[in-house]
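Line by line, the protein sequences give chains A and B. Following our numbering, the numbering of the first sequence begins with 127 at its first residue and continues without gaps. Following our numbering, the numbering of the second sequence begins with 593 at its first residue and continues without gaps.
Derived from the structure by calculation, the hints contain no laboratory data. Any given hint could turn out to be false.
Straight-line Cα separation of at most 25 Å, SDA-like style, residue types lysine to any residue; simulated pairs [to be verified]: (1) Lys697(B) - Thr718(B); (2) Lys296(A) - Thr718(B); (3) Lys296(A) - Lys697(B); (4) Lys786(B) - Ser266(A); (5) Lys704(B) - Tyr719(B); (6) Lys704(B) - Lys787(B); (7) Lys816(B) - Arg245(A); (8) Lys296(A) - Leu817(B); (9) Lys816(B) - Ser285(A); (10) Lys816(B) - Val163(A); (11) Lys816(B) - Leu854(B); (12) Lys816(B) - Asn272(A); (13) Lys167(A) - Arg863(B); (14) Lys787(B) - Leu137(A); (15) Lys787(B) - Tyr282(A); (16) Lys816(B) - Pro842(B); (17) Lys897(B) - Lys697(B); (18) Lys296(A) - Thr841(B); (19) Lys786(B) - Ser285(A); (20) Lys786(B) - Leu140(A); (21) Lys787(B) - Ser285(A); (22) Lys704(B) - Phe822(B); (23) Lys787(B) - Asp819(B); (24) Lys167(A) - Ser198(A); (25) Lys167(A) - Phe822(B); (26) Lys786(B) - Val163(A); (27) Lys787(B) - Ser221(A); (28) Lys704(B) - Lys786(B).
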Amino acid sequence: MEYLIFVSIVLIVLYWMYVRAIQIKNRASEAASSIEVQLEKRRDLIPNVLTLAKKFMEHEKSLLTELTELRSRANSLNNSREALKAGMELDTTVSSALGRFFALSENYPDLKSQATVLRAQETYEEVEGHIAASRRFYNSAVTDLNNALETFPMSYFASAVGAERLPYFKGSPDAAEPVNARDYL
Amino acid sequence: MSFMDIAARRASYRERNKRNSEDFQKLDMLRPSENEATLLHFEQLFNEFEALRERRLVLSFLLGLVTLGVAVVINFNYPDPRIAISREAGIILILGGMLSYLPIKLLRMEFKDRLVPEILKQYGFTYDQNAADVLLSKYEDVLPIHDRSELSDHFWGEHNGIQMSVAEVRLKVEVYKYYATVFDGLLCRFDYPKKTSTQIAIQSRHSIASDVFNSVFKSSDRVKLEDSVFEATFDVFSTNQVAARYILTPMVMERLIALEQLHNGLRVIFRDSEVLLAIPDGSDLFNPGKFILPLDRGMVQQFHKDVTIMYSLHEALNLDAKTKA
């Protein structure tokens with residue numbers, strides 16, 4: 127009888143660990159896809175603003191071309207693990223290019239006053255907030271996943287359900303640079 | 593009230609004022625000029641009221657003395673010496689006692705009608721002693737389960753564009769024909785600028801009532817945040833992990849920790865672009881006491897601290913929207 131109880135307890139614990147490993151893996155996938163959803167929202171903004179910007183920002187053709195190319199590259203990425211890493215790197219570039227676009231649009235009052243651009247800018251700010259939140263969610267899920275993969279006996283179950291280490295979402299290197307107040311005065 | 597009680601109460605006031613003053617030094621970093629000007633104005637108000645209280649106490653004492661004197665004279669002149677207190681003297685004592693208490697009773701009304709609204713006016717609030725049931729009815733499902741609710745001291749208004757509504761609430765549950773208090777404190781509601789339809793519930797780990805969010809958040813997941821102090825202080829539940837982090841930025845978390853340090857057992861709900869703070873204060877916000885002792889000035893300092901943190905919390909929510917726009 128004692129033997130049966132012991133075996134039952136062990137089986138329950140093993141099953142719990144198996145379920146937990148699946149949960150951790152799925153949570154990381156959910157977090158990765160939440161980033162993708164937000165990045166897509168941001169990419170969808172690009173055509174709206176570019177259509178208008180082309181009329182007003184003739185001197186910024188290189189930036190507009192860069193934005194178009196970045197959007198095409200981002201859209202071509204598939205859902206693989208490598209694509210996720212590439213997407214993260216690309217995201218920094220898209221973010222920086224869009225930031226530059228909105229900063230430069232200040233020099234074009236006609237463009238700036240367009241309702242579409244104003245709406246796009248508002249949406250951009252909101253999406254940026256959601257992207258930052260998604261990154262935090264993703265990094266939290268990745269920490270749990272990587273911990274599970276590196277800690278015995280969860281590592282065994284995590285490997286058994288096909289979980290793999292995922293990269294952390296890191297901020298752009300520019301953000302780590304000290305801010306020079308004179309640039310803004 | 594014995595002299596020992598009075599001494600103990602005075603010591604407790606001193607301790608509370610000292611603690612408040614220490615906490616203020618931290619808050620001064622947030623709004624130095626406003627703190628100084630507002631508190632100076634309160635000091636003047638209290639001094640005026642204190643002078644009025646002393647005059648009323650003297651008046652009450654004199655009226656009581658006259659009543660006693662008249663009753664004694666009537667009693668001495670009573671023809672039957674076997675009766676200790678005559679009927680006439682008794683009636684005089686009762687009526688005189690009521691008359692003597694009248695100046696103090698009026699003082700209590702003046703405190704609520706004049707001093708409290710004046711204090712609240714400094715923050716842009718309108719005061720109403722009789723609270724409306726709006727706050728409770730909207731958030732009934734996320735407050736502790738209760739059979740009876742008592743609301744008082746409702747005030748609302750706008751400060752720096754913030755619409756805020758605060759009420760003192762006491763929630764009670766019936767236990768064997770008696771009522772036990774399950775929540776006693778403030779309910780504070782204000783708008784926040786971020787657009788999200790997700791509900792987020794934050795419950796302090798010091799909170800006694802663990803059933804608070806059961807009805808609404810059974811299907812919610814726990815949100816694990818990266819701030820270890822916040823994690824140790826609060827449990828966060830939401831149906832959307834990303835939206836929860838969108839609202840709970842590091843700055844907002846910092847403000848909530850500051851508020852929790854003032855009042856253990858905080859609960860916060862984000863819903864429909866509104867924030868509801870349930871602050872278990874446990875004492876009346878503006879309770880003048882018995883008027884035998886000097887007024888407790890600590891209550892205003894406490895209130896000032898609460899409002900300052902509520903504003904700073906809103907500013908933290910607002911700041912994310914403003915700086916990026």
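Going through the hints against the structure:
| no. | hint | verdict |
| --- | --- | --- |
| 1 | Lys697(B) - Thr718(B) | holds, 23 Å |
| 2 | Lys296(A) - Thr718(B) | violated, 48 Å |
| 3 | Lys296(A) - Lys697(B) | violated, 66 Å |
| 4 | Lys786(B) - Ser266(A) | holds, 23 Å |
| 5 | Lys704(B) - Tyr719(B) | holds, 9 Å |
| 6 | Lys704(B) - Lys787(B) | violated, 38 Å |
| 7 | Lys816(B) - Arg245(A) | violated, 33 Å |
| 8 | Lys296(A) - Leu817(B) | holds, 17 Å |
| 9 | Lys816(B) - Ser285(A) | holds, 24 Å |
| 10 | Lys816(B) - Val163(A) | holds, 21 Å |
| 11 | Lys816(B) - Leu854(B) | holds, 23 Å |
| 12 | Lys816(B) - Asn272(A) | holds, 16 Å |
| 13 | Lys167(A) - Arg863(B) | holds, 24 Å |
| 14 | Lys787(B) - Leu137(A) | violated, 46 Å |
| 15 | Lys787(B) - Tyr282(A) | violated, 42 Å |
| 16 | Lys816(B) - Pro842(B) | holds, 13 Å |
| 17 | Lys897(B) - Lys697(B) | violated, 29 Å |
| 18 | Lys296(A) - Thr841(B) | holds, 17 Å |
| 19 | Lys786(B) - Ser285(A) | violated, 40 Å |
| 20 | Lys786(B) - Leu140(A) | violated, 43 Å |
| 21 | Lys787(B) - Ser285(A) | violated, 40 Å |
| 22 | Lys704(B) - Phe822(B) | violated, 38 Å |
| 23 | Lys787(B) - Asp819(B) | holds, 24 Å |
| 24 | Lys167(A) - Ser198(A) | holds, 14 Å |
| 25 | Lys167(A) - Phe822(B) | violated, 30 Å |
| 26 | Lys786(B) - Val163(A) | holds, 19 Å |
| 27 | Lys787(B) - Ser221(A) | holds, 21 Å |
| 28 | Lys704(B) - Lys786(B) | violated, 36 Å |
In terms of the numbered hints stated before, the structure departs from hints 2, 3, 6, 7, 14, 15, 17, 19, 20, 21, 22, 25, 28, listed from lowest to highest.
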